[in-house]
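Protein chains in written order, with numbering that gives the first Met the number 0: chain Y, 0 to 127; chain W, 0 to 549.
Among these hints, one or two may not hold up.
As the list claims (entries may be wrong) - Restraint ranges, calculated between C-beta atoms of paired labels, are given here:
no.: 1; chain 1: W; residue 1: Tyr460; chain 2: Y; residue 2: Ile23; range: 40 to 48 Å
no.: 2; chain 1: W; residue 1: Pro482; chain 2: Y; residue 2: Asp34; range: 53 to 61 Å
no.: 3; chain 1: W; residue 1: His475; chain 2: Y; residue 2: Ile23; range: 38 to 46 Å
no.: 4; chain 1: Y; residue 1: Ala99; chain 2: W; residue 2: Thr375; range: 31 to 39 Å
no.: 5; chain 1: W; residue 1: Pro503; chain 2: Y; residue 2: Gly69; range: 46 to 54 Å
no.: 6; chain 1: Y; residue 1: Asp34; chain 2: W; residue 2: Thr202; range: 46 to 54 Å
no.: 7; chain 1: W; residue 1: Gly251; chain 2: Y; residue 2: Ile23; range: 32 to 40 Å
no.: 8; chain 1: W; residue 1: Gln480; chain 2: Y; residue 2: Ala99; range: 17 to 25 Å
Stated by the list, open to error - Think about it this way: if two alpha-carbon atoms lie no more than 20 Å apart in a straight line, the pair counts; the simulated SDA-like pairs of lysine to any residue are:
no.: 9; chain 1: W; residue 1: Lys355; chain 2: Y; residue 2: Arg68
no.: 10; chain 1: W; residue 1: Lys512; chain 2: W; residue 2: Leu448
no.: 11; chain 1: W; residue 1: Lys355; chain 2: Y; residue 2: Asp98
Rather than coming from a laboratory, the hints here were simulated on the basis of the structure.
Quick reminder that beta carbons are idealized off the backbone N, C-alpha and C, glycines included.
One letter stands for each residue in the lines below.
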Amino acid sequence: MAQVQAPPSVAPSAHVLVVEDDPILMMALVEFVEDAGCVAIEASTAAEAIGILEARLDIRAVLTDLDMRGSSAGMTLAAAIRHRWPPIDLLMVSSQPWDAAQVPARGLVLGKPFDRRRIVAALQKFAA
Amino acid sequence: MIHRPESSLTPDTSDPDRLAELEALEILDTVPEEGFDDAVQIARLICHAPVALISLVAADRQWFKARAGFPDCETDLGRSVCAYALSAPDLLVIPDLSTDPRTRNNPLVTGEPHIRFYAGAPLRTPSGHVMGSLCVIDHRPRPEGLTEAQQDGLRRLARQVMILLRERRQLARMQAAEVLTRAAAARRAALIELGDHLRDRGTVEEMTATAAEIVGRTLNGSRAGYGELDASGRFVSIPRDWSLPGELSLVGRHRLADYGSLGPVIERGDTLVVSDVGTDGRTAEHAAPFGAINITAMLNVPVRERGRTVGLLFVHSPTVRSWAPEEIAFARNVADRVQVGLARLRAEEQQAVLNKELAHRLKNTLAIVQSIATQTLRGVAERPLVEAFERRVLALSRAHDVLMQSSWTAARMRAAIESVLAMQADHDSYALDGPDLDISPQAALSLSLLLHELATNALKYGALSAGTGRVRVTWHVEEGQAPSQAPTLVLGWTERGGPGVTAPSGRGGFGSKLIRMGLVGTRAADIRYDSVGLRAEFRAPLADMQPQAD
């Protein structure tokens, strides 16, 4: 008789979509997501990210870099997510300052280089 | 009576030297003046004559600067007796004009007002030319002529009139020179004023509008402005202009071709000087559009960037005006200064873009450095060490943020302190007290890394490890005791309200070393582990902390 593992009593980990075109930065961002106790799903372009969001319904939050190739790609993606998937939380990282008016509602922009504490804290808040 | 040849019956008034001298007196057709009026009244009194005149003999007429008892202000030479005075060596006295062959057919003798007696003293210049005469006239013949005393009086009075004429001209010349001097002074003052404005103005529009107004006012124009030439060189856009009340504004876009063939001159960068748009070959066929905006004369000075005309400084006049060389030079000078000012603005704009791009790349690169380090140190068991590295990079970046605001030339000390401390804890955990000095980029980096280590320790072991603790950060400049001693910057760090602290054992890690290095590597660090909390004081020569003067 096969042993059936009982489902864990804790809530399943929240899924966070990480959008980053730089592989080295991707490693750091994925680590932040895991530090926050979440599961990271990787996308290296905005188009890939949209594809994943259309295919899966379990994405709780998106962590995206705003400094990707095609300078405005990151912010365009963030705006599209806020428009099409309003419940998804948005955490963005950027080396540039952004006007509050440019940032989608309930979106948070944190700077580069990374402040691990603040990024992890923000992700944990989203996942809670 | 001496017989005169017939030729002398028609006096010669055409000597060009004499006429030039008369012209130079600038007296013909001027308004009456008291000094000359007095002279004719006195002549009348001396000679008991009903008529007295100051008559100036031009090539084709005689004109009276002053007259008493005579209706007309000028006559033709056919009616002139004074014309005969030109060749007279002294007083010309004609006792009976109706019998003298020179005057008996003169219409003033044969008809109204029937003059009969004439005595005139020549108005002779120092060079010997006679301009005309001071004369008295009677309606009855005077066979006895004038007495010796009257003759003497008339001669002296004529000399006074000559003096008046010369001084009048002298005064006019001095006044004209004064006007020129004043205009030159106004132009010099305008250039100084312009220099101040160009330094302060932060945009192309403000800069060019200020320059245009200064040129317009200084050259007494009716309108002045700056128009930007588009890339095709065919259209001029005027964002702002200055004009006298009542003049139309030319704000807007204009096609150069509508105003004549101005393009080639402007493209070459030459100053376009037009005294009269109605007669200037480049504009004569476009009098109507100029008329519509009340332009008769104008100055257009091109402003160039990188070998291309990018704009025009213009001054307009509603009347014909021959622009003086110094006025043209002044407008050119202003345009040159605007050109330099524009180049400075462009350079600043480019610098700002570069700075932003550089800051952006630097911060992205620091993020990559953090990532490489944490991935490289994946196997390291002491994660706090990895995090300490990450946060030191972050502290470094905070200092760069503050420096970027001033293009990496200097940082405000308070901003640098606030920025790095905000990384660690809330503002209300800290009390900051000190003057807001400018510090050099190196000093800002050193200060940021030092405070970062102190704050990290305070959070881990010191005052901020307990919720109630506070840190006081103070700084001041200590002047040297002796004049030879340079001023010193003193930075204090005082923790209170936390648990008691003791000195760490051993040499300590990188953080402890950084703290012992002090400000800009001076090693002047006094660190005391008091029972009430850590107290540290760092000192550095102020000169080492401040940005180098240019």
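Hint check:
no.	hint	result
1	Tyr460(W) to Ile23(Y): 40 to 48 Å	violated (34 Å)
2	Pro482(W) to Asp34(Y): 53 to 61 Å	holds (58 Å)
3	His475(W) to Ile23(Y): 38 to 46 Å	holds (44 Å)
4	Ala99(Y) to Thr375(W): 31 to 39 Å	holds (37 Å)
5	Pro503(W) to Gly69(Y): 46 to 54 Å	holds (50 Å)
6	Asp34(Y) to Thr202(W): 46 to 54 Å	holds (48 Å)
7	Gly251(W) to Ile23(Y): 32 to 40 Å	violated (54 Å)
8	Gln480(W) to Ala99(Y): 17 to 25 Å	violated (52 Å)
9	Lys355(W) to Arg68(Y)	holds (17 Å)
10	Lys512(W) to Leu448(W)	holds (11 Å)
11	Lys355(W) to Asp98(Y)	holds (15 Å)
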